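Trainee: These protein sequences, in sequence, are chains A and B. In terms of this note's numbering, the first sequence opens at residue 1 and continues consecutively. In terms of this note's numbering, the second sequence opens at residue 109 and continues consecutively.
Don't take each hint at face value.
[To be verified] Here are the in silico distance ranges between beta carbons for each label pair:
id	chain 1	residue 1	chain 2	residue 2	range
1	A	Lys-68	B	Thr-128	37 to 45 Å
2	B	Ser-159	A	Phe-45	21 to 29 Å
3	A	Asp-93	B	Gln-149	16 to 24 Å
By construction, these hints were calculated from the structure, which means they are not laboratory data. These numbers come from a predicted model, not from an experiment. All C-beta atoms, glycine included, are put in the ideal place defined by N, C-alpha and C.
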Amino acid sequence: GQNIDQPTEMTATEGAIVQINCTYQTSGFNGLFWYQQHAGEAPTFLSYNVLDGLEEKGRFSSFLSRSKGYSYLLLKELQMKDSASYLCAVRNDYKLSFGAGTTVTVRA
Amino acid sequence: KAGVTQTPRYLIKTRGQQVTLSCSPISGHRSVSWYQQTPGQGLQFLFEYFSETQRNKGNFPGRFSGRQFSNSRSEMNVSTLELGDSALYLCASSSPVAKSSYNEQFFGPGTRLTVL
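Produce the complete structure using the sequences and hints provided.
Mentor: Next up, the structure:
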């Protein structure tokens, strides 16, 4: 089975840093994705990790530890437009299994 | 490059009816996946098609079915609708070949289905 856990909600101040953790237990692993979804919109791709380590993409970074079944998404220099739901997803074969999502609220 | 398109965007049906949703992938993409998104369950995988073949299927009842055409366009069908089928149905396309290859999925805007 698939079990992907992430916090339900997080709140941070504009300009700050927020780290969203994701732990997973899945029957297979072909990579981990992070998606951003604004209310009423489709998810959009943020990052992909398949090997252990840190992937940096501008203000967003994602880390993976396969042995620990753990990933995090780091959002730096938060902006109001970063208020959204962040989805952790594990790929197994051709299937993506999503966590329930973390709603991040950025306050001025 | 045009994105993933889904039709219709909104749909209202009554219990017991059936519905067909359509998805046109990004040009050149041959893999299409379908997801159901509800507030309580989040995003759940329905099935994935590649070159007209279903390669993977989620844990949904047989009332949920799909198919893919030779031009990669895909449809999903839900028969005997239940109230719990009310959800946002998202389609995503990608152009992978190997299981282990990086494959960013591009999502369409979704079809909002309401079952009364």
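Trainee: Next, verify each hint and record whether it holds.
Mentor: Okay, the hints, checked on the actual structure:
| no. | hint | in the structure |
| --- | --- | --- |
| 1 | Lys-68/A x Thr-128/B: 37 to 45 Å | 43 Å, holds |
| 2 | Ser-159/B x Phe-45/A: 21 to 29 Å | 23 Å, holds |
| 3 | Asp-93/A x Gln-149/B: 16 to 24 Å | 21 Å, holds |
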